[in-house]
Each structure stands twice: as C-alpha cells, then as structure tokens.
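*Asks:* Take a look at the letters that make up each chain.
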Amino acid sequence: MTKAAAPASLLILVPALNEAQVIAEVVAEIRSTVPGIPILVVDDCSQDSTASIAKAAGAWVLSLPHHLGLGGCLQAGYRLAYELGYEYVVRMDGDGQMDPAYVPLIWNRLRESGCQMVIGSRYMNGEAHYSGLVRRCGIHFFRLILRPILGKPVQDPTSGFVGVNREALEVFSRSFPLEYPEIETLVVLKRRAFRFEEVPCRMRRRRAGVSTITPLKSIYYIAHVLLGVLVNILKFERSKWRM
Amino acid sequence: MERLLNVTAGLSILLIVAVLMSLRRAHIRVEHSVSWLAAGLAVFILTRWETALTFLAHSSGFSYPPAALLAITMAVFLLVLYRMSGMLSQLKDNNIALAQKVAILEFRMESRQETGEAQARP
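Protein sequence lines, in the order shown, are assigned to chains A and B. Residue 208 in the working numbering sits at position 208 of the first sequence, and the numbers go up by one each step. Residue 27 in the working numbering sits at position 27 of the second sequence, and the numbers go up by one each step.
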C-alpha cells in the first residue's frame, strides 16, 4: 500500500502507549472492518513491544523518540497525515474500546456535512451503561460549560472517537492541546469558526490495562481543562463567531 | 533586626556561591544563571545597605524594614521562577516539535527504504 494519499482519502489514527496486549487485535479488527484503509499507530514511546506488534499486524507505525503525552502523540499523527496529503483522519484509541464498525459512519458524515469534525458519541442513544458516576458527573459538568461557548449542545465532549477533515488537520498539525485534548479541541475549532457534529456510536470496555484517570487526576483534569478552555476563550476573535 | 539581616545576607551569598559552582560544573548555562545571580545580589545589597532598605520599606508602607526585605525577596524570587516557567514552557514546546519532526523523518526514511527494497526485488 502506498503512503501517499488518494483523493478523499481516509487515514485511521491510533495513539498507543503500552498496548502490546491488545494492539494486534485492534489493528486486525480495523483491517477486517474497514479494509484498504491505512492505519497509523502513533507509539508514544511504549516500554513494551507495542510498535513492533502493530507493525507486524499491518499498521504503519510512527514511533516517537520519547513520551509526549496524548496531545503530542496525536499531533504527530495529524501532522504526518497532513504532510502525506490525507483528506480525512479518524482517531481511535489503541485499547480496543472503540468499535471500528462506526468508522464509515463518521467518515460519511464528515464528507456529507462538510463540517470539520465529527464526534462518535456514546450518549446520543442514552447513557453509556459502563460509565462511572464520577465520569458521568464530569461529562455533564463540561456539557453545561461548553453549551454557551460552542453555541450548541455537545453530548460527548470527552469522546476520543473523532473524525476530522483536512481543514482541521491543517490547524491541528500546527497547534494542538497537549494534555487532555478532547474538550479543548472543541473550543479551538469554535475559535476558528469551524463546525462539528455528533453521530451515535457504541463503545466497549477496554480489553486490557486500566484507565490512567485516578480520582486525584480527575481533579487535575477538570482544573487543567477549564484553564485550557478559558485560555482559548481569551483568544477568541469576535469577528469569526458564527453558528 | 541585625541578626535577621545577617542571616539573609548569608543565605544570599550561599545562593550566589551555589549558582557559581553550578556554572563552573556546567550544571546550568550562563544565560539561565543570570536571573539567580541578579536576585541573590539584589537581596545581598539590601541587607547591607540599610538606608536603601529603610527607604524602600517606608515607601512601600512597611513600618518594619525586615518585613519589607522578606516581601522584596519573595517578589524577586517569584519573578525569577515565573521567568523560568516561561523558559521551560518554550523548551517543552521546542522539544515536542523536535520529537515529532524526528519521528516523522524516521517514518519517511523507513518508507523510502521499504519502497526502494520493493523496487529492487526482481
């Protein structure tokens, strides 16, 4: 498979850190569900053999020389996708929580709507049954915060199952939130007068490993994201507001 | 008051000596040592120059000059730390951009090698 992009081409971006247990399964599932679509695993300097396993499974692997965190890892992938000329990128996590069967839905929505980002939402068809109370409260809190900023409701602002088009790719390849990027990204898009939509998606429990979000980190997460949102609001150019 | 000023002067000298030793051992770079040396020197001068300290204390509303010295010392070091935070952030941004560039270049090199090998095959 050539690495140069074809017209209206899609790349699936999978950020991964120490996912050796599941990455082969994740790549294989994506390949069988959406055949012919290149998969780029961005390895955030894993200490296990994530990179080599992903490569053996048939993915392209972008290996970072040292740990950059989720934002830096994603930005590297977006940057490469932009340089290679891809029109669309769908991001999926490397822990197997996201069902690749929804990739075509996100991709089609991106193409049909012309909006810059499509979010695979866990909550459009009711609450995701496996979300914990703290997480649900956090998501509800951010929904309330984001509603007036974005000018429209967002059901799942923390979803990592996200598709972007080339306009958003261009922006993200230059500037991208480095930690906990999902919520901040929405405000960045709004600042650029870009649009987003949500489509319903099903997500599963992670197949291996544990979430890195502990109760203490949740507090840091909320403070960090709120500050990031505030900084982005301060950067708003009023003339660009629309929607 | 005299003892407090002496202790502060001693601490500022310790800071200056520590920074100079770090410089000599190349643990910190010259451009990053300037703020610390300037801060240490400023505090030392204030502890030895009582007229200046009293003037500063009265003009900033402190009736007790050592309290002014404490406030000024804190302000000076906060300023240095703030400057360091700015430098750290800049370095982190540069570091991330560099790491991403290295990874992308490696990816492109490997792709080129693979393409070359594939073309070389009969």
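These are calculated hints, taken from the structure and not from any lab test. A couple of the hints might just be wrong.
[Said to hold, decoys possible] Keeping only pairs whose Cα atoms sit at most 20 angstroms apart, straight-line, the calculated EDC-like set for lysine to aspartate or glutamate is:
1) A:Lys55 to A:Glu29
2) B:Lys101 to A:Asp99
3) A:Lys235 to B:Asp93
4) A:Lys55 to B:Glu114
5) A:Lys55 to B:Glu106
6) B:Lys92 to A:Glu179
7) B:Lys101 to A:Glu29
8) A:Lys152 to A:Glu83
Note that the structure is predicted; figures quoted are calculated from it, not measured.
*Asks:* Assess, step by step, whether the Cα of Lys55 (chain A) is no farther than 20 angstroms from the Cα of Glu106 (chain B), and give holds or violated.
*Replies:* With a Cα-Cα distance of about 14 angstroms, the restraint between Lys55 (chain A) and Glu106 (chain B) holds, given a limit of 20 angstroms.
*Asks:* Would you check the hint for Lys55 (chain A) and Glu114 (chain B), treating anything up to 20 angstroms between C-alpha atoms as holding?
*Replies:* The given pair, whose Cα atoms are some 13 angstroms apart, holds under the 20 angstroms limit.
*Asks:* For the pair we were handed, Lys235 (chain A) and Asp93 (chain B), check the Cα-Cα distance against 20 angstroms.
*Replies:* OK: Lys235 (chain A) and Asp93 (chain B) at ~19 angstroms, within 20 angstroms.
*Asks:* Lys101 (chain B) and Asp99 (chain A): Cα distance at most 20 angstroms?
*Replies:* With a Cα-Cα distance of about 31 angstroms, the restraint between Lys101 (chain B) and Asp99 (chain A) is violated, given a limit of 20 angstroms.
*Asks:* Between Lys152 (chain A) and Glu83 (chain A), is the straight-line Cα distance small enough, at 20 angstroms or below?
*Replies:* Outside the cut-off at roughly 32 angstroms; violated.
*Asks:* Would the pair Lys92 (chain B) and Glu179 (chain A) pass a check requiring their Cα atoms to be no farther apart than 20 angstroms?
*Replies:* holds (13 angstroms)
*Asks:* Given the hint that Lys55 (chain A) pairs with Glu29 (chain A), test it: the Cα-Cα distance must not exceed 20 angstroms.
*Replies:* holds (14 angstroms)
*Asks:* Take the C-alpha atoms of Lys101 (chain B) and Glu29 (chain A), compute the straight-line distance between them, and say whether it is at most 20 angstroms.
*Replies:* violated (30 angstroms)
Going through the hint list in order, the structure does not satisfy hints 2, 7 and 8.
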